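Assemble the whole structure, with the sequences as input and the hints as a guide.
Going by my numbering, the sequence shown opens with residue 177, and the numbers climb by one from there.
Treat the hints with care, since some could be wrong.
Said to hold, decoys possible - Only pairs whose alpha carbons sit at most 20 Å apart, straight line, appear in this in silico DMTMM-like list of lysine to aspartate or glutamate: (1) 835 to 768; (2) 233 to 287; (3) 434 to 287; (4) 233 to 320; (5) 391 to 773; (6) 835 to 314; (7) 835 to 773; (8) 835 to 207; (9) 783 to 247; (10) 205 to 314; (11) 205 to 287; (12) 391 to 781; (13) 205 to 839; (14) 783 to 773.
Since the hints were derived computationally from the structure, they do not count as laboratory data. Note that the structure is a prediction, hence the values are computed from the model and not measured.
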Amino acid sequence: MPLNASTLWPALLLALAAPCVAHAQATAKTEQVEVRLVSAAATVQPGQSLLVGLQQKIIPHWHTYWVNPGDSGLPTTIAWTLPAGATASPIHWPTPSRYSLGPITNYGYADEVTLPSVVQVPTGLRDGDRFELKAKVDWLVCNDVCIPQNATLSLTLPVGTAATPSGDASLLQQAQARVPQRGEPASWQLDGGKLQLAVPKAAPAHDGAYFFARKWGLVAHAEPQQLQQARLVITPGDNAPKAGDDVDGVLVLLKDGKPVQSLAIGHDPASLTPVPVSAAAPGTAAASAPSADQPSLWLALGLALLGGLILNLMPCVFPVLTIKVLSLLHTAQGSRRVVRLHGLAYLAGVLASFAALAGVLIALKAGGDSVGWGFQFQSPVFVLLVALLMFAVGLSLSGVVNLGGSAAGIGQGLASQPGLRGSFFTGVLATVVATPCTAPFMGVAIGYAVTQPAGVTLAVFLALGLGLALPYLLLCEWPALQRRLPRPGAWMDRLKQALAFPMYASAAWLAWVLARQAGPEALAVALAGAIGLALAAWLYSNTRDLGPRGRHASAAIATLLVVGAVGFGTLGVTGTTNAPQATTAAAHGGWEPYTPERLATLRQEGKPVFVNLTADWCITCLVNERVALSPAHVDDAFRQAGITRLKGDWTRGDERITKLLAEHGRSGVPLYLFYPPGAQAQPQVLPQLLTPDLVLAALKAPASP
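Okay, here's the thing in structure tokens:
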């Protein structure tokens with residue numbers, strides 16, 4: 177069904193009435209996988225070990241992944257948040273199965289699997305205390321397509337003097353039975369370009385075998401493995417072992433094609449030492465999992481309010497706010513009530529615009545689209561319209577045409593109406609020019625909002641709008657602040673004309689974005705549209721001394737020029753190529769195009785990686801790249817540390833980048849991730865406003881396990 181104002185606004189009103197509460201619980205379910213956090217004990221004892229696990233129930237024909245996923249895929253990860261003093265072991269991986277699709281072979285699990293871990297309970301607990309386990313779980317589930325998914329699960333157990341078994345004790349016992357038995361260190365050699373692995377002498381009767389290497393690239397996953405007497409002959413992969421290396425993995429012995437025993441070769445799962453996780457109070461995330469928990473609703477509202485306040489200082493918004501303050505110099509000379517009404521009208525324009533933006537986002541999300549902050553700038557048509565709007569505003573400020581009748585007639589010109597309507601549409605304009613900017617605190621708030629029910633999404637967007645409107649609203653409410661403003665004078669016209677140039681610069685920047693999105697033909701269309709607008713403005717302003725017929729004729733011609741500039745411009749860029757370009761962009765300045773496969777390969781190899789998710793229409797992104805990521809000493813630091821830099825371009829939209837943003841609780845760019853060396857190291861999320869020192873400090877920070 178097509179979406180329009182008549183269908184969106186009723187939906188928004190219904191959303192406001194809906195309850196909006198989200199709590200972590202022991203079970204979560206997606207269309208493909210149901211996950212559950214389980215414990216072998218119903219009560220826990222201080223100082224004792226607790227066997228827990230993550231159960232995955234997978235629908236038919238789909239699978240999740242082992243620690244080494246094979247030729248493609250990603251393993252399931254668990255980021256624990258535990259009470260102070262508690263520790264959790266790595267996953268004790270059950271024996272995987274093989275899944276082949278053409279030349280690709282993957283390792284993982286189908287139907288149902290439980291991934292056990294051991295939690296060490298601290299000694300300082302007392303009888304009657306509550307012991308809360310919280311886990312942020314990420315997994316990839318695949319059939320002929322792959323879907324990254326995640327959930328935050330929690331399980332609270334009472335502390336007692338004696339541990340009592342739970343209803344899931346037998347489930348975890350079965351999971352332990354699937355974990356490979358301890359084997360002897362592997363005896364291996366490279367002979368004739370093949371890896372030959374010795375089968376243990378005490379192995380049960382078998383007529384076949386298969387070796388699952390824990391390390392990615394140790395073996396060629398899709399190549400057949402042949403049992404020749406007591407040796408398994410394997411084709412090595414890109415990271416074949418060298419003399420002195422340990423060969424770790426799972427050796428599965430087969431009889432008539434069925435497994436009879438699984439042996440952990442060179443790796444003893446029973447002796448895994450629990451590794452400490454960052455202690456955190458209940459309801460907070462461990463430091464090793466930066467995106468493990470979402471903020472509360474009140475925190476998200478507060479962050480949105482702060483983000484909206486900071487937006488006023490961004491280069492895309494500050495000129496509009498300044499011009500609106502200029503209009504207040506005239507209005508402040510009149511009734512205090514009128515001044516207050518102008519502030520409320522401006523607030524109404526901002527809130528209405530943010531509500532409409534949230535409504536479109538909610539509707540698109542309900543239709544299955546993944547969208548986020550600034551998503552509308554992925555459309556060349558929208559970019560063209562905003563570019564022409566900025567150019568028209570610049571013409572008005574330059575005095576080519578007077579659309580508003582005052583020093584700050586931008587908003588009034590949008591509606592061609594004076595007074596309160598002008599203030600309302602100035603709020604609309606402020607919202608439009610704010611959308612390509614991102615301020616601190618916004619990313620977390622909006623990332624939270626887009627994952628919540630419609631009412632929460634709308635509330636967070638309205639809080640963001642309130643923050644944007646608050647400075648001007650306070651100025652209208654406090655006469656003491658108004659008295660500090662300078663007196664009106666000729667300087668106002670000079671300042672107004674000077675502020676036209678940031679508008680022209682914004683239009684030029686958006687024209688560059690349009691060319692990047694849709695090619696040089698679209699840029700030519702935009703320039704032709706700008707010429708049409710300029711001619712219309714000139715005609716309108718220079719025919720006032722004509723008679724009524726002349727004025728009406730020139731006004732009609734000017735109107736046709738405006739309609740033609742907008743209409744033909746829109747038609748000129750409609751249908752242009754709007755495909756993701758991350759995989760086709762050539763490496764430039766030390767950056768490689770981001771793809772999930774490239775990131776997964778680098779992570780499996782344990783190499784450090786810096787990921788920059790950006791867009792040409794994101795002013796914050798461009799400033800960060802220029803100021804913090806491009807200086808020579810920062811570039812040298814990347815190269816000397818051997819850090820691979822991946823850039824994901826969201827200018828035209830890219831579902832893969834949208835998914836990576838969502839995995840880290842963000843709904844828009846920029847997003848900066850640093851993966852330290854080590855395959856299991858957790859990424860560090862950098863702030864949205866960067867400095868060179870901040871980037872260099874992040875590169876030197878120790879890795880989180």
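So, going through the hints one by one against the coordinates:
1. 835 to 768: 19 Å, holds
2. 233 to 287: 6 Å, holds
3. 434 to 287: 18 Å, holds
4. 233 to 320: The given pair, whose Cα atoms are some 18 Å apart, holds under the 20 Å limit.
5. 391 to 773: Distance of about 17 Å is within 20 Å: holds.
6. 835 to 314: Holds: residue 835 and residue 314 sit about 12 Å apart, inside 20 Å.
7. 835 to 773: Measuring from Cα to Cα gives roughly 13 Å; hence the hint holds.
8. 835 to 207: 16 Å, holds
9. 783 to 247: Status holds; Cα separation ~18 Å.
10. 205 to 314: 13 Å, holds
11. 205 to 287: 14 Å, holds
12. 391 to 781: 9 Å, holds
13. 205 to 839: With Cα atoms ~17 Å apart, residue 205 and residue 839 stay inside 20 Å; holds.
14. 783 to 773: 14 Å, holds
Figure legend: structure checked against the earlier numbered hints; every hint is met.
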